[in-house]
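Chemist: Read top to bottom, the protein sequences are chains A and B.
For the numbering used here, add 781 to where a residue sits in the first sequence, where the first one is 1.
For the numbering used here, add 8 to where a residue sits in the second sequence, where the first one is 1.
Since the hints were made in silico from the structure, they are not lab data.
Careful: at least some of the hints might be erroneous.
[Claimed, not checked] With beta-carbon atoms standing in for the labels, derived distance ranges:
1) B:Asp348 to A:Pro837: 52 to 60 Å
2) B:Glu220 to A:Glu998: 43 to 51 Å
3) A:Pro833 to B:Lys470: 20 to 28 Å
4) A:Thr1041 to B:Ala64: 18 to 26 Å
5) A:Ala1039 to B:Glu67: 48 to 56 Å
6) B:Phe262 to A:Glu866: 18 to 26 Å
[What the hints assert, rightly or not] Listed next, the stretches of chain B that the computed footprint assigns to chain A, with coverage defined by at least 3 CB atoms under 8 Å from CB atoms of chain A:
7) 179 to 187
8) 211 to 218
9) 317 to 325
10) 411 to 419
11) 426 to 435
Just so you know, even glycine gets a beta-carbon here, dropped at the ideal spot from N, CA and C.
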Amino acid sequence: MTAPFSHLDLLEAEAIHIFREAAAQFRKPVLLYSIGKDSTVLLHIARKAFWPQKLPFPLLHIDTTWKFKDMIAFRDKTVRELNLELIIHTNEEGIERGINPYDHSPSVYTDVMKTQPLKAALDQHGFDAAFGGARRDEEGSRAKERIFSFRSPGHRWDPRRQRPEMWKLLNGRLGTGETVRVFPLSNWTEKDVWRYIAREGLYVVPLYFAADRPTIERNGQLLVLDDDRLPLESGEKAQMKQVRFRTLGCWPLTAAVASTATDIEAVVVETLAARTSERQGRLIDHDQAGAMERKKHEGYF
Amino acid sequence: MTALTAIRPAEPAPAPSQELNGILQLLTCGSVDDGKSTLIGRLLWDASDLYDDQRAMLERSGRNAGGTDNPDFSLLVDGLVAEREQGITIDIAWRYFDTAKRRFVIIDSPGHEQYTRNMASGASHADVAIMLVDARHGVKRQTRRHAAILDLVGVKRVILVVNKMDLADWSQERFRAIETDFRELALRFGFREVVAIPVCSVGGDNVARGSERMPWYNGPNLLDHLERIPARDTTPTGSFRLPVQTVLRDGVDFRGLAGTVTSGCVCIGDRITDALSGQSAHVLRIATMGRDLESAVQGQAVALQLDTDIDVARGAVLAVPGSLPTVATHISARLVWLWDTPFDERASYLLRTATDLVPISKLQIKSRLDLETLATQPAQTCELNEIAIADIALGRPVAIDAFGDNAATGSFLIVDAVTGATLAGGVVSSATAAGDTSAASTFRLTREILEKGLCRDLNDNKADRDEFQRRASEAALLLRAAGVPVKLET
């Protein structure tokens, strides 16, 4: 290799380094797989880090049952084709209680259907480390996140008790009851994720590409109807619009953007020229001031 | 609203090309009121690919920078709710922005003295540091303290930003006086380059453009200078080092020593040595998923397959014969204490190097650096935010370099063996080879011994040479498993 390193080469090498450190230092890691673009990059780099060995940890998906159907299909195809081990965990009790993303506030829904089952799954399987695709550029409280982010017993995040990280040295020695979240993509931006997907030729969920989809407009946001579970308010009527997603989550909580970017090159161009940050499309983050930071204290990823 | 529209850059930052030309990580440091967050906010506002909703957030806040019509740019930087309430930055924040030339990573570290640990950890990731000084106050105690920390963690390039020039009547004399003070201070440290720039962050003077109000200054503005500094890992420095992170196997015949090249480079066919065991082999393959490489340079994460399977595991540092790290049981070092639990001579500590974790048998504080006078004073204790000089005796040998020779393999963390907390970060001043002090207790398994006994049936051909190495490794492995320290010299 004679060409000088691009910034993507450096970011990839750093992420591989982090994966290898974590796999060597922790007893039982797991990769939190949320099917989106960040998870796609995370999984690809994990495979690079341990190639030609099989991935030395399973994937964990917290299924709220409100993911887009395309996401679930993509998840199952990925797992099958790459011969991966996948654990799917759903909060059945939450479903029995009828917790859903339209009757309940985003913070209640997220806590019951995402945060609680995540903690339960980590505890149930005894995972001491969980890889996640969070990036520091996503949101204010994440800008301060460590690569190895420690959680005290009960998975609580205390920003004042986080370990200083120096040079490239990663200290994963756990105290009693501690677990850790590991963020190999900490230093990536949304633009890097798309540039990398294009460069590596990775498959992503088709929802990231513009297509005609049944949409409604609610509170100034475009929602794509994935099935008929969401009760429509009077005057709301599904209209076909050419839209795509910049970020994917539970469909009633994830806003689409109007777009004509139907392939990866167009998405990269659109992302590089974007004028708004991606979390605009995440309704849970706007719930209340400092929403994400509060969720993190409670154990949200 | 109108003020904002007026000062918005006429043209957005140029669209970055698909792959940017490298990364530059920069640390900002200064005292509490020197206006760090405002400087960075201004830099983002003027030169970066900031999103509209981030710009709108600033508009909505309705807050103005003290006594001006300009918005409070610091809001772009300050993150955590707790901090905003206190009005100070309490932790390191990481910001990313692209210009047409490269990716910038801004490490924003706190100004408060009690958070020196954060500054030290932030600085350890920096390629260049911006030292911010208020034009009215000049070089302060805090400036000296920060310069000492930068030097300790290995920052080689410093930019002195003399801020709030508007409040010093745009005075060249004032700027030159501060610059002179700082250059005098800098002489005491090992900085490679010091550049001074007069700035008014709120007005944008010399941040991402020049300043009509300071026509006497004809040096680069901050952004120009930042774009000229060499990016990280663009030119390999030092001799080859690869700390082994893990050993990868495909279940058939592949056994790859996986790790990141932390300095220098390695090519197929190179003879490399594991300093800990003293064994050597040639590089057969440099493997990555998708394709093999002819060579690997500093910054690349690879897996090396060797022509003979030598007894190497996590913690080993691969290097070239003739330029090996020291296999040390004693090191003297400089430490910055990072945790609120002070040094306790009864506690049990571990030393974490690039990829090794070794019990410390004795940690002795010799002296402390007084950040006021920059003189060392004899001391036996050390606590949060203090810099100490210490002697460390290790429970077993570790492959390590002097920090000045090789930063990545010459730095370490001190870890609390019970809680796992990272107590201190340190740099190796000198390392003493295990043989120097414990030769008597280390068994030297030499080629001669093996040829006379275990391997006397072997001849000088490829198969037998491999078998020789295999037996040597196996013997060393068994001896070590039995608790005998072994140095394999084949």
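Chemist: Look at each hint and say if it fits the structure.
Modeler: Comparing the hints with the structure gives:
1. B:Asp348 to A:Pro837: 52 to 60 Å: Hint violated: Cβ distance 35 Å, outside 52 to 60 Å.
2. B:Glu220 to A:Glu998: 43 to 51 Å: Because 48 Å falls inside the window, the suggested range holds.
3. A:Pro833 to B:Lys470: 20 to 28 Å: Roughly 25 Å apart at Cβ, these two residues keep to the hinted range, so it holds.
4. A:Thr1041 to B:Ala64: 18 to 26 Å: The hint (18 to 26 Å, Cβ to Cβ) holds, given that threonine 1041 of chain A and alanine 64 of chain B are roughly 24 Å apart.
5. A:Ala1039 to B:Glu67: 48 to 56 Å: Once the Cβ atoms are compared, 24 Å apart, the range 48 to 56 Å for glutamate 67 of chain B and alanine 1039 of chain A is violated.
6. B:Phe262 to A:Glu866: 18 to 26 Å: Given range 18 to 26 Å: holds, Cβ gap about 21 Å.
7. 179 to 187: violated (count 0)
8. 211 to 218: violated (count 0)
9. 317 to 325: With 1 residues in contact (Cβ-Cβ under 8 Å with chain A), the coverage given for the stretch 317 to 325 of chain B is violated.
10. 411 to 419: holds (count 3)
11. 426 to 435: holds (count 6)
When held up to the earlier numbered hints, the structure conflicts with 1, 5, 7, 8 and 9 and fits the remainder.
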